[in-house]
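If you read the protein sequences in the order shown, they are chains A and B.
So for the first sequence, the working numbering puts the first residue at 1; every next one is plus one.
So for the second sequence, the working numbering puts the first residue at 1; every next one is plus one.
Hints are computed from structural coordinates only; laboratory data are not their basis.
Being a predicted model, the structure only gives us computed values, none of them experimental.
Please note: incorrect hints may appear among the correct ones.
Stated by the list, open to error - Keeping only pairs whose Cα atoms sit at most 25 Å apart, straight-line, the calculated DSS-like set for lysine-lysine is:
#1 B:40 / A:140
#2 B:40 / A:336
#3 B:40 / A:114
#4 A:278 / B:40
#5 A:357 / A:173
#6 A:277 / B:40
#7 B:40 / A:357
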Amino acid sequence: MKNLAFLCCFLFTHLAASQNYIYDSQTKAPIEAVNIYFDNGLGVITNEDGLYEIPDQRNIDSFTVSHLSYKDKTLALIDIKVGDTIYLTNSPIVLDEIVLQNVSPKDSVLKAIKKIDENYINIPHNTFGFFRQSLQEQDKGVEMIEVEFIGYNDNKKVSTEIISARRTENYSKLGLKTHGGVAAIFNNGDFVRNRAHFLDIDKLDAYAFKFEGQITYQGMQFYKISFYPIVDDVEVLRKGDLYLDTKSLAIAEIRYTYDKDKLADISKESEKGISTKKPFYRLKDVNNLIRYKQLPSGKWDLIYIEAYNLREGIFKGKSYYYHLRAKLIINSIKTKKPTKVRTNYNLTKDFSQIVKKFDNLDRWDDNYRLSLSNNEKQILRDIKSQQENTKSN
Amino acid sequence: MTNLDEFKVEELEQRLEMAKWSASLSGSNSDGGTVTGTVKVEF
Numbered sequence: 001m002k003n004l005a006f007l008c009c010f011l012f013t014h015l016a017a018s019q020n021y022i023y024d025s026q027t028k029a030p031i032e033a034v035n036i037y038f039d040n041g042l043g044v045i046t047n048e049d050g051l052y053e054i055p056d057q058r059n060i061d062s063f064t065v066s067h068l069s070y071k072d073k074t075l076a077l078i079d080i081k082v083g084d085t086i087y088l089t090n091s092p093i094v095l096d097e098i099v100l101q102n103v104s105p106k107d108s109v110l111k112a113i114k115k116i117d118e119n120y121i122n123i124p125h126n127t128f129g130f131f132r133q134s135l136q137e138q139d140k141g142v143e144m145i146e147v148e149f150i151g152y153n154d155n156k157k158v159s160t161e162i163i164s165a166r167r168t169e170n171y172s173k174l175g176l177k178t179h180g181g182v183a184a185i186f187n188n189g190d191f192v193r194n195r196a197h198f199l200d201i202d203k204l205d206a207y208a209f210k211f212e213g214q215i216t217y218q219g220m221q222f223y224k225i226s227f228y229p230i231v232d233d234v235e236v237l238r239k240g241d242l243y244l245d246t247k248s249l250a251i252a253e254i255r256y257t258y259d260k261d262k263l264a265d266i267s268k269e270s271e272k273g274i275s276t277k278k279p280f281y282r283l284k285d286v287n288n289l290i291r292y293k294q295l296p297s298g299k300w301d302l303i304y305i306e307a308y309n310l311r312e313g314i315f316k317g318k319s320y321y322y323h324l325r326a327k328l329i330i331n332s333i334k335t336k337k338p339t340k341v342r343t344n345y346n347l348t349k350d351f352s353q354i355v356k357k358f359d360n361l362d363r364w365d366d367n368y369r370l371s372l373s374n375n376e377k378q379i380l381r382d383i384k385s386q387q388e389n390t391k392s393n
Numbered sequence: 001m002t003n004l005d006e007f008k009v010e011e012l013e014q015r016l017e018m019a020k021w022s023a024s025l026s027g028s029n030s031d032g033g034t035v036t037g038t039v040k041v042e043f
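Using the sequences provided together with the hints, build the complete structure.
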């Protein structure tokens, strides 16, 4: 009996979906967007609290935690208890080697673009993932949407079949709705496949590229290259960092924001169209992350997109701030005998109108595929409180 | 190097079959007439 109790305890500790954390060893701060790859093929990611969940699956023995700015760690699942924190140490950025190599950053980016077809999966495949979009108005949660989907990428386009989806009511005072959804994130956010903006060969001259250093990541060497616009065109406004595998020149990660001065110019221009009858929205900030992952075949594929947009809504002389966050994680990829799926919703409609409402917010459970952060839990609490206010009125 | 591995076919097909949540896609696609502003995620 004692042994049985021990076994039950053991199973609970090691096999139940457990919440664990990843922190920076020096600052003791949580690390966001650390990929966790389990040896059964699944992958999850830490949220802004450094939280990730180990799924309740018995075929996991070990996992690797991986982030471009930190040294990788591989751990046996048996060594991890519920609530454990893993500390990662910074991966040093070295500049000397690049200076010695006398490599041009712009040439490296140009070669990287030319090698996209060679470096990334070029056969039809399925992706399995999770998408969450949340909206805050004046720091108060007003809407959340979650979608679990299967994607089919035939190398020309991506179809997404939603397996399950749910959204809260939208409590935006201005009635702000979010257009698009998971397919739009795929279609607009996969900069490498789209050869978008600073990855468009014809537009490379509009940007300056600079080596920031070289880092070791997953046993490989990566160039960190910063880029920023050098032309007056207000549409050329993205600036950030690219991470390139020094050997294959595959682009592993892109982090960028919008130039604030150009954004201000754009919104000033659009103010001419301000109407007193409809709210007017202007973009104030964009901060996005796009990450790719090398598969066992050596090819790379999209693994994670995180987008943050700050907008100001103006109506009848009053200003409202909107924080729109979208996260899309690919938990697994299937290249063998992929299943064809079709997009099962109308892409031209407002996404929030297509997904059915899920009113019982007490039952809005967490999902290990993309753990809810404290901020997202607060958004749900805000929405619940507004739901209760509406009912009592 | 550990990589994201191939996905298990059985789980794939199971997930295709089942919807876990009580909410799903709406058949009506109605715009409801309440939309006073729509925005999309900017990249």
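Verification of the hints:
Straight-line distance between C-alpha atoms of residue 40 of chain B and residue 140 of chain A comes to about 19 Å, which keeps the hinted pair within the 25 Å bound. Taken as a hint, the residue 40 of chain B and residue 336 of chain A pair is broken in the structure, with Cα atoms around 34 Å apart against an allowance of 25 Å. Between residue 40 of chain B and residue 114 of chain A the alpha-carbon distance is near 30 Å, which puts this suggested pair outside the 25 Å criterion. Our distance criterion of 25 Å between C-alpha atoms is met by residue 278 of chain A and residue 40 of chain B, whose separation comes to about 17 Å.
The hinted pair formed by residue 357 of chain A and residue 173 of chain A meets the criterion: a straight-line CA distance of about 18 Å does not exceed 25 Å. With a C-alpha separation of about 21 Å, the suggested pairing of residue 277 of chain A with residue 40 of chain B holds against the 25 Å cut-off. Restraint check for residue 40 of chain B and residue 357 of chain A: the C-alpha separation of about 20 Å stays at or below 25 Å, so the hint holds.
This entry does not satisfy hints 2, 3, going by the numbered hints stated previously.
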